[in-house]
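K.L.:
From first to last, the protein sequence lines are chains R and U.
Residue 213 in full-length UniProt numbering sits at position 213 of the first sequence; the count goes up by one each step and never skips.
Residue 76 in full-length UniProt numbering sits at position 76 of the second sequence; the count goes up by one each step and never skips.
If you are wondering where the hints come from, they were derived from the structure by calculation, not from laboratory data.
Model, not experiment: these values are computed from the prediction.
C-beta atoms are modelled at their ideal positions from N, C-alpha and C, and glycine is treated no differently.
Among the hints, erroneous ones may be present.
As the list claims (entries may be wrong) - Just a sample of chain R residues kept apart from chain U, beta carbon distances all over 10 angstroms, derived: (1) Lys60; (2) Ala133; (3) Ala299.
Said to hold, decoys possible - Which bits of chain U does chain R cover? Going by a derived footprint, with three or more residues having C-beta under 8 angstroms, they are: (4) 6-19; (5) 67-81; (6) 93-100; (7) 154-166; (8) 204-217.
Said to hold, decoys possible - Label pairs and their computed distance ranges (CB to CB): (9) R:Asn183 to U:Asn244: 46 to 52 angstroms; (10) R:Gln13 to U:Lys247: 30 to 36 angstroms; (11) R:Ala47 to U:Asp200: 51 to 57 angstroms; (12) R:Asn183 to U:Ala212: 38 to 44 angstroms; (13) U:Asp136 to R:Lys276: 55 to 61 angstroms; (14) U:Asp136 to R:Pro306: 52 to 58 angstroms; (15) R:Asp143 to U:Val201: 29 to 35 angstroms.
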Amino acid sequence: MSILVLADLHEGQLAGATASVVAAAQQIIKDSGGDIDVLIAGDNVHAAAEAAAKLDGVSKVRVADNAVYAHQLAEPMGKLLAELAGDYTHVLASASTTGKNVMPRLAALKDVSQISDIISVESADTFKRPIYAGNAIATVKSDDALKVITVRPSAYDGVAESGGAPVEAVDVVVENSQSTFINEALAKSDRPELAGAKVVISGGRGMGNGENFKLLDGIADKLGAAIGASRAAVDAGFVPNDMQVGQTGKIVAPDLYIAVGISGAIQHLAGMKDAKVIVAINKDEEAPIFQVADYGLVADLFEALPEFEQKL
Amino acid sequence: MKVLVAVKRVIDYNVKIRVKPDNSNVDLTNVKMAMNPFCEIAVEEAVRLKEKGVATEIVAVTIGPKQAQEQLRTALALGADRAIHVETDEQVDSLGAAKAFAKLVEDEQPGLVLLGKQAIDSDNNQAGQMLAALTDLPQGTFASDVNVEGEKVTVTREIDGGLQTIELSLPAIITTDLRLNEPRYAKLPDIMKAKKKPLDVKSADDLGVSFASNVSLVSVEPPAERQGGIKVGSVDELIDKLKNEAKVL
Ligand SMILES: Cc1cc2nc3c(=O)[nH]c(=O)nc-3n(C[C@H](O)[C@H](O)[C@H](O)COP(=O)(O)OP(=O)(O)OC[C@H]3O[C@@H](n4cnc5c(N)ncnc54)[C@H](O)[C@@H]3O)c2cc1C
Ligand SMILES: Nc1ncnc2c1ncn2[C@@H]1O[C@H](COP(=O)(O)O)[C@@H](O)[C@H]1O
Numbered sequence: 001m002s003i004l005v006l007a008d009l010h011e012g013q014l015a016g017a018t019a020s021v022v023a024a025a026q027q028i029i030k031d032s033g034g035d036i037d038v039l040i041a042g043d044n045v046h047a048a049a050e051a052a053a054k055l056d057g058v059s060k061v062r063v064a065d066n067a068v069y070a071h072q073l074a075e076p077m078g079k080l081l082a083e084l085a086g087d088y089t090h091v092l093a094s095a096s097t098t099g100k101n102v103m104p105r106l107a108a109l110k111d112v113s114q115i116s117d118i119i120s121v122e123s124a125d126t127f128k129r130p131i132y133a134g135n136a137i138a139t140v141k142s143d144d145a146l147k148v149i150t151v152r153p154s155a156y157d158g159v160a161e162s163g164g165a166p167v168e169a170v171d172v173v174v175e176n177s178q179s180t181f182i183n184e185a186l187a188k189s190d191r192p193e194l195a196g197a198k199v200v201i202s203g204g205r206g207m208g209n210g211e212n213f214k215l216l217d218g219i220a221d222k223l224g225a226a227i228g229a230s231r232a233a234v235d236a237g238f239v240p241n242d243m244q245v246g247q248t249g250k251i252v253a254p255d256l257y258i259a260v261g262i263s264g265a266i267q268h269l270a271g272m273k274d275a276k277v278i279v280a281i282n283k284d285e286e287a288p289i290f291q292v293a294d295y296g297l298v299a300d301l302f303e304a305l306p307e308f309e310q311k312l
Numbered sequence: 001m002k003v004l005v006a007v008k009r010v011i012d013y014n015v016k017i018r019v020k021p022d023n024s025n026v027d028l029t030n031v032k033m034a035m036n037p038f039c040e041i042a043v044e045e046a047v048r049l050k051e052k053g054v055a056t057e058i059v060a061v062t063i064g065p066k067q068a069q070e071q072l073r074t075a076l077a078l079g080a081d082r083a084i085h086v087e088t089d090e091q092v093d094s095l096g097a098a099k100a101f102a103k104l105v106e107d108e109q110p111g112l113v114l115l116g117k118q119a120i121d122s123d124n125n126q127a128g129q130m131l132a133a134l135t136d137l138p139q140g141t142f143a144s145d146v147n148v149e150g151e152k153v154t155v156t157r158e159i160d161g162g163l164q165t166i167e168l169s170l171p172a173i174i175t176t177d178l179r180l181n182e183p184r185y186a187k188l189p190d191i192m193k194a195k196k197k198p199l200d201v202k203s204a205d206d207l208g209v210s211f212a213s214n215v216s217l218v219s220v221e222p223p224a225e226r227q228g229g230i231k232v233g234s235v236d237e238l239i240d241k242l243k244n245e246a247k248v249l
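Looking at chain R on its own, in the form it has when it is part of the complex (with noise of 0.2 angstroms):
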């Protein structure tokens, strides 16, 4: 068994995200055994195979390193991958927006199928995935010879970084004059990434506008919490599309969840549902939203979040 691990990459580092896909890789050769090597595409990207030489776990690190790969575009992704898949019996990526782009082109390019967003390894074949925004769990089975996989990370502790892998570059190179990247507008934040972070407090349609959405800062701040929203929210304008949770949103499975004024559609709860403890503040006390939640505050949110803050 071997397995390639494409790496996530956030303005050329390496994202969190890459050691929850090892983790997942780690169950797969459980049994009987096998090689973790991790793929790192991209324009400039030592320092992230640096840090993927450290993950634990991890066999060699191979680097494709041209400028044909440069935020890493749909076409000269799976064409390369395609190039490599040759040596291994499972891809994995994350199911992040680059692991869902550039998969499925992999698969369809080998003529297999792709197991999309794997929340556990039952065996080399055999994994479980949410279906229907997560009402249901599905087990499924992948006689392929190829299995092309993406995990979701929030399902998986990543693993540890004590290791020193060899890294070794790719010399395989593709063209690529279909695609052109023009611009990217990345939201900044000193606050931690959504996806991973301990403590998230989201806000949403309640919260009547953008503006309103600082009374989520100074709790924010002092819980080191990330801030998401409902699509209401993003829809409405109040914050951008990237601060969405949700079944077509971000995949949150924080210590604490924290929802504010948000009215608890499945869409949403499939985003939060694997909190540990859940906090709603709602003013409306039949909001679905209090049936998940550990832990409900009837209260009009302009009158609680101060008050939370400051007794925090």
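Please arrange chain U with the ligands on chain R, whose structure you already have, making use of the hints.
P.N.:
Below, chain U with the ligands alone, put in the same frame as chain R:
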């Protein structure tokens, strides 16, 4: 330019599904079905491209059982010019759907194919990307803005850290995200007119594709239920519980 748009019949997004007692699958008997919400957005985008004079013809496509024609008729009422139904009672996974679409792309030669970013039943998020790979075309996934200019299309994509804009040569494959547009509702006269619009039925054999999959469903279980918690009476009580009972502060 011809635009092909994918329309999948799925469970209505408001319905809470149940797992069958024998854990073989989810129970879809007598459940309200509808067009996948992301496909509604794809249809709307196609219609807007036609209104702008960019698209000349919109072809709506579904792969699925007989009843999926309901969703094709909805697409026709919303503004598609004709429809293709690849009829099958087999389970069609994303790769199977992508193969059927790839054959239709070869036959129809569209300038743009619009699909949803994911089907809300399987939550796979694969078919558009697979279609792009099979046809060796560029892809703009999770689109929140699409602009066709001459021989190129600019796509703004919703990515984890924010937004990314890319430019693709045409023909191209695009998958829609939630904020691309707000779909309109079909008007009654248009629903009547849609009944007369052409709808071609084809089989997998006609297209020369197979929907056989190497991935099998072993079982389906309901997710771990969360125990409903308690209501606290004040902010003080909330903080006390979080500190002393849940121990998360
Ligand atoms: C295909 C599809 C995918 C989707 N994906 C997602 C997703 O990924 N994430 C997501 O979140 N949604 C998603 N949705 C949308 C989802 O169905 C809901 O519409 C959305 O979650 C509602 O957001 P909300 O709870 O903020 O707004 P609302 O449902 O409008 O709830 C607002 C809440 O705020 C409360 N409130 C108002 N004022 C106050 C106040 N002063 N103090 C206290 N409480 C107050 C109200 O009582 C109410 O409960 C999706 C929908 C579809 C169709
Ligand atoms: N059977 C199908 N019929 C029509 N369109 C489909 C079908 N399967 C997938 N699609 C399209 O592909 C998108 C992504 O689906 P998936 O990758 O399966 O989650 C959907 O939103 C549809 O637009």
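K.L.:
Hints numbered earlier in the text: which of these fail when held up against the supplied structure?
P.N.:
Violated: hints 2, 3, 5, 13.
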